[in-house]
Amino acid sequence: MSLLKNKNIVLGVSGGIASYKSPDLVRRLREQGADVQVVMTRGAQEFVTPLTFQAVSGKPVRGELFDRDAEAAMGHIELARWADAVVVAPASANFMARLAQGRADDLLTTLCLATAQPVCIAPSMNRVMWADAATVANAHLLASRHVVLMGPAEGDQACGEQGAGRMLEPLDIVVHLEQMFAARRASGPLSGVRVMITAGPTRERLDPVRYLSNRSSGKTGFALADAAVQAGAEVVLVAGPVQLQTPDEVQRVDVESAEQMLEAVESRIAEIDIFIAAAAVADFRPAAPSDAKIKKSGEQRTLALEPCPDILSTVGHRATPPFTVGFAAETNDIKHHALGKLQKKKLDMIAANRVGDPVSDGECVGFDADENELLVLWDGGEQRLGMTSKNILARQLIDIVAARYKMSR
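Its first residue numbered 1, the sequence shown is counted upward by one per residue in our numbering.
Here are the computed distance ranges between Cβ atoms for each label pair:
#, residue 1, residue 2, range
1, 335, 172, 49 to 57 angstroms
2, 189, 128, 38 to 46 angstroms
3, 310, 144, 46 to 54 angstroms
4, 214, 248, 26 to 34 angstroms
5, 78, 178, 20 to 28 angstroms
6, 245, 317, 27 to 35 angstroms
Within a straight-line C-alpha distance of at most 27 angstroms, the following computed BS3-like cross-link-like pairs (lysine-lysine) qualify:
#, residue 1, residue 2
7, 390, 59
8, 406, 345
9, 5, 59
10, 335, 345
11, 390, 341
12, 341, 406
13, 346, 390
14, 335, 406
15, 346, 335
16, 406, 344
17, 390, 406
18, 345, 390
19, 346, 406
20, 390, 335
21, 5, 390
Rather than coming from a laboratory, the hints here were simulated on the basis of the structure. Note that this is a predicted model, so its numbers are computed, not measured. Think of the CB as a built atom: it goes at the ideal place given N, C-alpha and C, for glycine as much as any other residue.
Build out the structure end to end from the sequences listed, making use of the hints.
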């Protein structure tokens, strides 16, 4: 399995003859399972057309900082958050100089400044330009700021000379990126930490064909599992009935009811360092489920309900509980209800969000949606995570959990 699988890569292309290799780099990254968004400078578009990159990446090419449609929602910031890495190949001498100066005068340099993820550049220029004192100084300055320099290689150059300055071959860049992600995972904030995450809804049986449940999609829990793995954790995912692909390197346990989820959690919790309860566990279940299908009749029926086990409270009240993170999906008074849950269930942290009815609200909030926002609370502190995709939100939340977990040890 490639370490680039499911990685979001922003591939920046600056102006230079080596940009003809960049479409092949896109192809090789996608072969390894990466999702690639190409960003071109105006100079790059003089060498290779945006249509070429759109064809090989499957996405429209970005190039303008002042794109009215993309920037209506602060698109350059959203793209910077989306990326697991920004890779500039080729990186011309001019691009390196602008990046070293901290300039943000086009979309690509702005992304490099706006991202919190690794920025990697593959220099490409004439050997004399590469050896020039200004370029050498820029390379040292960028390296000191943790920009990853990949290459350049030595060999024949487009100008007919030989020497250092060739852009690394696409396959070599892929290898560099895999090595970088492997090193980041090994030294990640949750390296060696055992994490259990619950996800999705539960189904509480009414009869052989009917059940009580909710609209939870499981997307947040699965995104958290993937983010925790990328942070170096060993992850167990206890999943309710959802049709989602298991993240790589995650041990998945499928359950249906709240009782089954409790059993799966309790059988493994003694070995867990961090427990994140992202599942929307049913609060009530039918008190007397029927063994046969309940037939339709004209009579009014009363359904007796009983409480489901409270998994989160059970874990929080253990004699030696793991670092425990809960979720609170509320329709009103979000902070008030979340703080009450934090204290009552003896949690270390809680992530609260508003949920709504798509019929009455006009849009789906929380459940089923691909985006969300969270208010993260702990004893004496809080942090708001603004509306963004659940994958990005998961990475942000895992970073907070990792930091608070280390402080609690």
